[in-house]
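**Student:** Now for the letters of each chain:
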Amino acid sequence: MTVEMIIQILTGALGSLGFALLYRLRPEHLPLATLGGALAWGAYLLGMQFSDNIFVACLFASVICTLYSEILARINKIPVTVLLIPSVIPLIPGSSLYYAMSSLVQRDLEDGWFYGKLTFQYALGIALGISLVWTFWAVLFQRKNQPRDN
Amino acid sequence: MERSRADAYEFLTIALEMGEALMGCGAEVNRIEDTISRMGMAYGAIEMNVFVITTSIVVTMELSEGNSVTLTRRISSPGGTDFRKLSRINDVSRAFCNEVMPLDVLKAEFVKATRPTTKPIRLYIGSAVAAGAFAVFFGGTVWDGLIAALFGILICLFQRKLQPVSPNTIVYNIVSSFVVGLGVCLFAKLIPILNIDKIMIGDIMLLIPGVAMTNAIRDILIGDTMSGTMRLIESVMWAGALAAGFIMAFWIVW
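Residue numbers (the numbering used here), protein chains in the order written: chain E, 1 to 150; chain C, 151 to 404.
FRET-style restraints, in silico, Cβ to Cβ:
1. 6/E <-> 271/C: 25 to 35 angstroms
2. 339/C <-> 136/E: 46 to 56 angstroms
3. 163/C <-> 6/E: 45 to 55 angstroms
4. 296/C <-> 71/E: 31 to 41 angstroms
5. 28/E <-> 271/C: 17 to 27 angstroms
6. 117/E <-> 159/C: 47 to 57 angstroms
Cut-off 35 angstroms, straight-line C-alpha distance, at most; resulting in silico cross-link-like pairs (DSBU-like, lysine-lysine):
7. 262/C <-> 311/C
8. 269/C <-> 311/C
9. 257/C <-> 77/E
10. 77/E <-> 269/C
11. 311/C <-> 339/C
12. 339/C <-> 117/E
13. 269/C <-> 257/C
14. 262/C <-> 77/E
15. 311/C <-> 77/E
Output of the computed footprint for chain C on chain E, the stretches with three or more beta carbons under 8 angstroms from beta carbons of chain C:
16. 19-26
17. 83-93
18. 97-110
Calculated directly from the structure, the hints in this document are not laboratory data. In this text the structure is predicted, and so the values were computed from the model without any measurement. We put the beta carbon where it would ideally sit given N, CA and C, even for glycine.
All chains should be built: construct the whole structure from the sequences, respecting the hints.
**Tutor:** So this is what it looks like as structure tokens:
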């Protein structure tokens, strides 16, 4: 683990804390969201060690993050989104989305396309990870008195 | 027990209010559908058909064979993200599903759940911390982080004061990113050791619809294609507006 990685994990967690404040989490849930952010980026870095593929690393990190949020949300009896969204914040492709758009506005289509693809890989990885866990979760813990969907 | 149509009408009005409030604090589309549908079943419907997209809610509540009530609600402002309110409303609906309460009690509980949640100072602190942290996260120095945090506070001010009076999100995004971009560029020009792109990315994390975009793809993947597509297109347009605002500022200063 390099110094750079440690800085990234720490600032990623801090970023999650900032967003948790911004999304008005209850004070007792703030540490959970912060830890979630650290976990997300830690898992991403770990994924990058194994596969060197952004999509795979993101998928892995997102699965870890969703499992973490599902379990803690269940324990604390709060909606999953409350923990999930602040936790995945470090994975959100803010910088590549920005570079993509700024390249397009400056009519640098090649760079725009490159960063656009990168952004899509991140977003798809996160979204797919969340959906995968939710699907298994729904199969495992089918809730009672759920309205039948015909 | 079969409810009267008047009761069903009153119940649906409250349920739609709750759905709208949930949308306004950042709930997922399928959560809102699920909430309204469960509450309806708990209240005595034999079938609930709920269709939610980010801009409207349509509910048909079937009380008995051939006797149904339909209400729709147009949602004009998507609102922000308030997870404390979200969990409060969720608690109310959960309590209602466990034990059906009289409608006036439900209404009172719901009104109680929507009261303001935190002091604004927390939002400013949150913005500053998030912007500063992400400037460093994406490779900036501590100084970049501090400047980003400073502008994070400005963005929070915009979000609280300017967004409610803006005609739409695109105009708001262009204006706020232009002003922030102007400020960041001026700072970077005066203090040459600053990395302009890192500061901007830190601040942009607050403005950029990255969460909306990820949620959009997730909605599409779990079957809410309509909402997902709408959100995806919206978020790409917001991102374009942001980039346009920043680039204009950059051209002016440089």
